[in-house]
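Number of protein chains: 2
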Amino acid sequence: MIILLDAMGGDNAPDANIKGAVQAINEVKSTTEVLLIGNRDVINQRVKELYGKDDISEISDRLKIHHTTETIEMEDTPTVAIKHKKDSSMVVGFNLLKEGKGDVFISAGNSGALLTGATLLVGRIKGIDRPALAGILPAYKSRLLLIDCGSNTNCKPINLLQFAQMSSIYLRNTFNIENPAIGLLNIGTEETKGNELTRESYQLLKDNAEKLNINFVGNVEGRDAFSGKIDAIVTDGFTGNIFLKAVEGIGKLVKRSLKESLKKNILSILGSIPCLPAINRFAKTMDYKSYGGALFLGVKKPVVKAHGSSDEELFRFTIKQAEQFVENRAVEKMIEEFEKTRETKLV
Amino acid sequence: MIILLDAMGGDNAPDANIKGAVQAINEVKSTTEVLLIGNRDVINQRVKELYGKDDISEISDRLKIHHTTETIEMEDTPTVAIKHKKDSSMVVGFNLLKEGKGDVFISAGNSGALLTGATLLVGRIKGIDRPALAGILPAYKSRLLLIDCGSNTNCKPINLLQFAQMSSIYLRNTFNIENPAIGLLNIGTEETKGNELTRESYQLLKDNAEKLNINFVGNVEGRDAFSGKIDAIVTDGFTGNIFLKAVEGIGKLVKRSLKESLKKNILSILGSIPCLPAINRFAKTMDYKSYGGALFLGVKKPVVKAHGSSDEELFRFTIKQAEQFVENRAVEKMIEEFEKTRETKLV
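Protein chains in written order, with numbering that gives the first Met the number 0: chain A, 0 to 346; chain B, 0 to 346.
Worth flagging that the hints you see were computed from the coordinates, not collected in a lab.
Because identical chains cannot be distinguished in the list, a pair is counted as satisfied if it fits within a single copy or across any two copies.
With a straight-line Cα cutoff of 27 Å, these simulated BS3-like cross-link-like pairs (lysine-lysine) come out: (1) Lys228 - Lys258; (2) Lys251 - Lys192; (3) Lys262 - Lys228; (4) Lys82 - Lys192; (5) Lys192 - Lys85; (6) Lys140 - Lys254; (7) Lys192 - Lys84.
Working from the sequences, and respecting the hints, build out all of it.
Here it is in structure tokens:
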């Protein structure tokens, strides 16, 4: 297996990307290679400084570089960047993936460009109008899939129906959840609640869930979303991104407040020592980094969006997660299942 | 001062409402009365069971009942309920407020009906098109005002501009923040980010902030909202409610996970005892109940929306908060300031 890694994307590139790959290479299968896509000189200069080697292949012969000269920046307009920066690490990554020269592509770069590239260069699965970003959040003794996390700002009810179908297939095949519970993110549980999109999506989901093999559990409010009883919540990319970042913001506040509460006085500091393992266990549950990258569901090949602020630890984790994703044949299974329901008449 | 309390609204009514009032009456000023609005027989029967008294006035002569026969239920359609349930605790509460027979009205009942009632029965402040619910969330060593928390599902840019102006005035006068930092809740910080509403609102805010005395700090993402550097975030009621409930859901998860992490084994349980004060301090920071009710900003008289699942503790706190709200003359000051800027030409 070849994992394609955009070495130039993300807030901490290329150091975090390189270090994450170096760490991961000993933890993935011995037949798995990581191909770092980016400027060879820049990468090897960092390798020299970080590891004292002239070339990354001296660290492991399963670490390789594919040389590119351009980088898509966060400020770039997605479609323009994808069309014009032909030798950027992201565009080259997508092309390698498309040509079968790699099995999965990971990037922590510009999200908009990543979606545009995935759709334009790799292509959509037949039957899916809009691919979407599926992120994994913590939930009580479980996890919560959130789709769309931010790739499609404006959505129609049919998109949300497809998101529900994609997450069902994905959760069944990747997490072995037999009958995943899919909810519609809304501001109330009654079917009349919400805006035009949620009201129409509710009806479409309710009327078509059974024939599309979706276990639709109705409207779900954020306050109940993390109970562990819901496996996925579907929403448009604007609302999903607001939700995701609220969770992230509160996570940061929790970490900071807990730390400072414990440091408040010398007695608390001493007192906190015996319970540090428990608090660390708790912090790990709450840390989004434990949950890895988000997947672009709906494109023909596996594309993983690593967190923009990924550090080496998160790249390491995301690389291992991407390997798992390929092993599970999640994309192939999605193509097969959408093929089966393509002729289904919706009501 | 007379505080009007809807005794029949909320998930735990009337017990929590009664108990909260009984607790609060000894903590508010000796000239403050609480008037419980609801069915006299039901209230006194509960008073009998809870306190062994025949009438609530036997507990304190500053606790009184205003008898009503109807209750607005959570399932009721707001406008229909407000128009037809003339003898409901909520409609009667609004009428007493309007007639000056009380200084502030608190209800934990149906939010939609509360907004409809506040707007139709009490009336909007001149210059404000849509009153909105302003909630208070925790932030780092501070608090974050979120407006609109859920009263106006669909908003226009002009509404968001007015929300920004209202929160500025409110924060200046109630929390003594000289130049409150107001952000627009969005999915990115660049001005081109977001949906049509956020992009247009950004421009309107940017162009008119100075003349309306708003310290507009631009787009704010949820991940940065709780840093303590932002005093208020403005958004439409749908997005605001999604945000609010995400925070609430994560808060519940945090509490549950932390508790269970500490109980994981006997060593952690023993270990956690010395740091319990610190953990309790932390839990208090994170608990939305410490932040009380949300205010309907933009109506001519003070209206407080207590949390639907308020318990006695939260009612107690909300009653004290409402007293403070009246003392601060927050509504009168808002009327005065909007009067001053009414002739301002927007660009």
